[in-house]
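Heads up, the numbering used here is the position in the sequence shown plus 1, with the first residue counted as 1.
Just so you know, these hints were derived from the structure itself, not from any lab.
Fair warning: this is a prediction, and the values are worked out from it, not measured in the lab.
Virtual Cβ for every residue (Gly too), placed ideally from N, Cα, C.
Watch out, some of these pointers could steer you wrong.
Said to hold, decoys possible - Straight-line Cα separation of at most 30 Å, DSBU-like style, residue types lysine-lysine; simulated pairs:
1. K142 / K153
2. K186 / K202
3. K113 / K97
4. K97 / K70
5. K137 / K153
6. K153 / K135
7. K102 / K115
Claimed, not checked - Pair ranges (Cβ atoms, derived):
8. G66 / T106: 29 to 39 Å
9. E141 / E179: 35 to 45 Å
10. D161 / L183: 51 to 61 Å
11. A196 / L162: 45 to 55 Å
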Amino acid sequence: MAVGAAYAVCRHRVLPLGTTFRLNSSLIGSFRFDFRSISQLVNSNGKRVFLVDTLALVRRLESQGVPSKHAEAITDAITEVLNDSLENVAQSFVSKTEMQKIEMTQESHLSKFKTEVQSSQGHHFSLLQHETEKLKGDIEKMHSELRHEIDKVTAGQRLDLNLERGRIRDELSNQNQETTNLTNKLDREIHALRAQLEAAKYDVIKYCIGSIVSISAVGLAVVRVLM
2 MAVGAAYAVC RHRVLPLGTT FRLNSSLIGS FRFDFRSISQ LVNSNGKRVF LVDTLALVRR
62 LESQGVPSKH AEAITDAITE VLNDSLENVA QSFVSKTEMQ KIEMTQESHL SKFKTEVQSS
122 QGHHFSLLQH ETEKLKGDIE KMHSELRHEI DKVTAGQRLD LNLERGRIRD ELSNQNQETT
182 NLTNKLDREI HALRAQLEAA KYDVIKYCIG SIVSISAVGL AVVRVLM
């Protein structure tokens with residue numbers, strides 16, 4: 002039973018090389034042993050065979066009080082587990098040649114990727130530069146058109162302003178002429194009115210003088226009659 006338990010434990014655990022192994026059992030007591038160096042061979046079918054000094058291991062177990070059959074069974078179980086574990090470990094790694102092939106493949110892929118990235122960057126940079134130049138040309142064209150429109154509007158406004166100034170100048174000139182004409186007319190009418198007033202004043206004076214002379218003559222005639 003102890004052998005079966007040890008075998009079951011060894012079958013489900015991977016034992017690292019060069020470590021110390023312990024087995025506890027009520028029948029075989031306590032014992033300790035160290036693994037020796039392991040060499041590997043390759044069969045004709047390509048499967049790795051890991052060799053262990055089983056005789057020394059059996060004797061070591063027997064020296065610890067383990068019966069011969071139990072020691073041989075434990076040694077067989079440990080050897081099988083070691084073979085399986087080392088085979089699994091060996092299968093999990095690749096050879097140096099395969100690693101070099103993988104590295105070369107990765108370097109090739111990386112170089113190809115770098116080339117594609119550089120080509121893509123160059124292409125995108127060229128497109129960006131082309132778009133920038135095109136945008137710059139469009140901006141300059143828009144700036145020129147805007148400047149032309151501003152100049153045209155400014156010229157139109159300047160022309161309208163000059164026309165408005167000329168119209169205002171003409172209106173002011175006409176108003177000044179009308180004012181001058183009106184002033185002259187008023188002056189003439191005032192002079193004519195003054196002349197009429199002077200003539201009327203002379204007529205009134207003459208009438209008054211005639212009336213006074215007539216009254217004086219009548220008065221003198223009355224005085225003579227009375228005297």
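Does K153 sit within 30 Å of K137, going by the straight-line distance between their CA atoms?
Roughly 24 Å separates the two Cα atoms, so the pair holds.
Status of the given 51 to 61 Å range, CB of L183 versus CB of D161
violated, 32 Å
Hint says 35 to 45 Å; check whether the CB-CB distance for E141 and E179 agrees.
Roughly 56 Å apart at Cβ, these two residues miss the hinted range, so it is violated.
Whether the CB-CB distance between A196 and L162 falls inside 45 to 55 Å:
Holds: the Cβ-Cβ distance is about 51 Å, inside 45 to 55 Å.
Satisfaction of hint between K202 and K186, Cα-Cα up to 30 Å
Measuring from Cα to Cα gives roughly 24 Å; hence the hint holds.
Straight-line alpha-carbon gap K142 to K153, limit 30 Å:
OK: K142 and K153 at ~16 Å, within 30 Å.
Given hint K115 paired with K102 - CA-CA distance at most 30 Å:
Holds, at about 19 Å.
Okay, G66 versus T106 on CB: inside 29 to 39 Å?
Distance hint for G66, T106 is violated at roughly 57 Å.
Taking 30 Å as the top limit, are the C-alpha atoms of K113 and K97 close enough?
Within the cut-off at roughly 24 Å; holds.
So if I understand the rule, the pair passes when the alpha-carbon distance is 30 Å or less; does K153 with K135 pass?
With Cα atoms ~27 Å apart, K153 and K135 stay inside 30 Å; holds.
Does K70 lie within 30 Å of K97 when you go C-alpha to C-alpha?
Roughly 42 Å separates the two Cα atoms, so the pair is violated.
In terms of the numbered hints stated before, the structure departs from hints 4, 8, 9 and 10, listed from lowest to highest.
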